[in-house]
Amino acid sequence: MTTSPSRLSKTIREALAMILSQPVVSVLTLALIAGMSATVVLTSGRTAAAERDVLAKIDEASSRAVVVRAEPKAGLGYDVVDKLSRVQDVEWVGAFGPARDATNGTTGSDVAVAVRSLVATSLEPLGLPTDTIPLGCYATTQALDLLGMPDASGYLTTGDGEACAVTGRLTSQTFLEPFEPLVVQPTQHPTGTQQADGVALVVILARDPEHVAAVAAVAGQLVAPIDASGITVDASPEIGRLRDLVQEQLQGFGRSLTLTLMTVLAALVGALQFGLVMIRRKDFGRRRALGATRALIVALVSLSTVLIAIAASLIGAGAGLAVLLFQGEPLPGADFVSATLVLTTAAAALGALPPSIAASRRDPLVELRVP
Amino acid sequence: MIRFGCQELEFGFPRQPSILADVTLDVPAGEMVAVTGPSGRGKSTLLHLLGLLLTPRSGQVVADGAPVSGLPDAQRSAVRARMLGFVFQDAALDSTRTVMDNIVEVSIYSDLDTAVAHRRAAVLIEALGVNVPPNRRPGQISGGQAQRIALCRALVHDPPVLLADEPTGNLDDASADGVIQAMRAHADSGHMVVVATHDRRLEQSCDRALRL
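Just so you know, the protein sequences line up as chains A and B, in that order. Our numbering numbers the first residue of the first sequence as 1 and each following residue consecutively. Our numbering numbers the first residue of the second sequence as 1 and each following residue consecutively.
Careful: at least some of the hints might be erroneous.
[What the hints assert, rightly or not] Some chain B residues judged to face chain A by a derived CB distance under 7 Å, without partners named:
{"#": "1", "residue": "PHE13"}
{"#": "2", "residue": "LEU53"}
{"#": "3", "residue": "GLY65"}
{"#": "4", "residue": "ALA92"}
{"#": "5", "residue": "VAL123"}
[Unchecked claim] So these bits of chain A aren't anywhere near chain B, every CB distance computed over 12 Å:
{"#": "6", "residue": "ARG86"}
{"#": "7", "residue": "LEU300"}
{"#": "8", "residue": "LEU353"}
{"#": "9", "residue": "SER360"}
[What the hints assert, rightly or not] To give an idea of the chain A side of the interface with chain B (calculated C-beta under 7 Å), a few residues:
{"#": "10", "residue": "GLU14"}
{"#": "11", "residue": "ALA15"}
{"#": "12", "residue": "ARG286"}
{"#": "13", "residue": "LEU290"}
{"#": "14", "residue": "LEU365"}
{"#": "15", "residue": "VAL366"}
{"#": "16", "residue": "GLU367"}
Just so you know, these hints were derived from the structure itself, not from any lab. Ideal placement from N, C-alpha and C gives every residue a C-beta, glycine not left out.
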């Protein structure tokens with residue numbers, strides 16, 4: 001007798017042949033699994049994508065920001081930027097001087113906006129030039145609108161008679177929104193007056209939302225004020241809590257929905273395969289009589305389901321993604337799609353296991369008598 | 001394998017009287033034995049016992065002196081796949097697969113290479129005079145052709161023991177002659193053949209008969 005090159009390859013080929021020999025049941029199984037896979041992508045996948053986007057928005061908003069407010073006589077100097085920049089998990093630090101009212105020096109309008117000196121670890125997040133220390137003042141769009149400077153050019157006059165040329169537009173990040181309308185005067189070496197005025201605001205960005213609390217605690221110690229009662233540290237705990245709540249709710253919803261869908265899928269695949277086993281019990285009886293072991297019968301039925309499930313989950317997930325794309329909805333990430341493919345296949349395999357065991361337990365002689 | 005048979009075999013279905021009692025059969029290599037007797041005397045049951053599809057109440061099926069009927073299920077399956085060829089009373093073909101697929105099916109369960117199985121199947125189809133394209137399905141062939149296909153399936157892995165239950169029952173004389181010759185040739189090539197039959201010509205082709 002010749003030795004077979006690979007029993008596994010024989011089993012896979014036979015499982016494929018079984019799939020092709022029962023086209024109606026195979027197509028039904030494929031449609032069922034593809035439908036469930038698409039449903040998971042359209043529901044849980046859509047939820048996961050929404051969760052990702054919402055969390056990104058929240059993160060972008062201010063949940064990473066720690067704001068230190070210092071009263072005028074608190075004695076907080078600009079050297080705080082250097083100190084805080086060395087703290088682990090701190091991404092960016094900006095120290096703002098006290099607000100000085102400034103008006104459009106060209107038009108003489110009496111509409112005033114707040115101008116603040118700024119020393120920062122980097123000016124890039126604010127959209128300012130990074131290769132040189134920019135000269136003059138930079139205003140947000142809101143400030144420019146109020147000042148009547150739509151093209152971001154002109155000069156400002158402060159209440160004490162100082163002038164500052166407006167040389168560009170400041171990109172207002174969400175963590176600066178509470179301070180709008182805002183004009184900043186970036187500087188590397190604060191003047192004597194600026195040093196004397198001290199720092200009124202320090203905005204610290206943590207690398208991740210979960211580091212905000214630790215960064216806030218360290219910041220509270222590092223600012224080391226002369227008058228501690230004049231310092232407040234705001235770590236946006238509400239937004240952090242909101243973030244956790246959103247994440248928890250959406251993840252919980254997505255997980256329970258996916259679990260429900262997978263359970264339903266396993267049950268339906270099980271019912272379908274059980275029906276197939278009953279219809280084809282003579283086939284399984286013949287196989288057993290010819291020498292198929294129970295393990296091989298289990299493998300054949302399970303493997304044929306798994307092979308269908310692999311194809312069906314790919315088709316279903318692809319269809320689901322296509323629908324989301326067509327509707328302009330956010331798409332779930334590759335990790336979610338991969339997990340869906342694995343879960344769908346696993347659920348189908350699990351559902352097929354009881355019928356495959358039932359098939360392997362058929363009495364060959366009893367089944368061969370089935371007309 | 002050089003000897004196959006059973007010793008003091010007794011069998012009955014649960015809570016029913018014995019159908020077979022004290023049956024002993026010893027078939028040496030090269031011998032073809034007929035199991036004969038009136039209907040209902042247990043000819044098919046004896047073949048099913050020898051084919052390890054039923055478990056005896058007492059006694060045992062032996063291969064080269066070693067009992068095989070009491071082996072665990074997986075090992076009995078392995079014996080069926082590698083050492084036994086079985087022709088059932090009805091052909092028991094898979095109606096969803098082609099004639100060729102049916103013949104080479106046993107290669108899935110044994111160590112027989114699929115390509116070798118296809119070559120042997122083609123030779124057997126020719127030898128047994130089955131004038132059927134291999135891609136036909138059982139529903140498209142006659143009962144006699146189906147029975148010869150079943151014989152091809154039983155012989156394709158060249159088993160040491162061939163068990164056949166009324167293999168000529170559905171065949172015309174010419175076809176029956178081909179089947180008898182094929183089984184005789186199998187025995188003459190050093191294998192063992194046990195056949196349950198009412199067919200006088202088949203019985204006469206055998207070396208001896210066990211009458212139940």
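Taking the hints in turn, this is what the structure says about them:
A hinted interface residue such as B/PHE13 counts as satisfied when its beta carbon comes closer than 7 Å to some beta carbon of chain A; here the least separation is about 11 Å, so the hint is violated. Of the supplied interface hints, the one on B/LEU53 holds, with its beta-carbon coming within about 5 Å of a beta-carbon of chain A, less than 7 Å. Below 7 Å, beta-carbon pairs count as interface contacts, and B/GLY65 has none with chain A, the closest being about 21 Å; its hint is therefore violated. Interface hint at B/ALA92: satisfied, since its Cβ lies 5 Å from the closest Cβ of chain A, which is below the 7 Å cut-off.
For B/VAL123, the suggested interface contact is broken, since its CB lies about 14 Å from the closest CB of chain A, more than 7 Å. No Cβ of chain B approaches the Cβ of A/ARG86 within 12 Å, the least distance being about 69 Å, so the stated non-interface status holds. With a cut of 12 Å on Cβ distances, A/LEU300 falls inside the contact zone with chain B, its closest approach being about 9 Å. At roughly 19 Å from the closest C-beta of chain B, the C-beta of A/LEU353 stays outside 12 Å, upholding its exclusion from the interface.
At the 12 Å boundary, the C-beta of A/SER360 falls inside the reach of chain B, the nearest C-beta of that chain being 10 Å off. Hint status for A/GLU14 relative to chain B: holds, with the closest Cβ pair at about 5 Å, below 7 Å. Violation of the interface hint for A/ALA15 is found here, the shortest Cβ-Cβ separation to chain B being roughly 10 Å, above the 7 Å cut-off. The interface hint given for A/ARG286 is met, as the beta carbon of that residue sits about 5 Å from the closest beta carbon of chain B, less than 7 Å.
Hint status for A/LEU290: holds, given a least beta-carbon distance of 5 Å to chain B, under 7 Å. Here the hint on A/LEU365 is kept, as its CB sits about 5 Å from the closest CB of chain B, short of 7 Å. A cut of 7 Å between beta carbons decides the hint on A/VAL366: the least distance to chain B is about 10 Å, and the hint is violated. With 7 Å as the threshold, the beta carbon of A/GLU367 stays out of range of chain B, its nearest partner Cβ sitting at about 10 Å, so the hint is violated.
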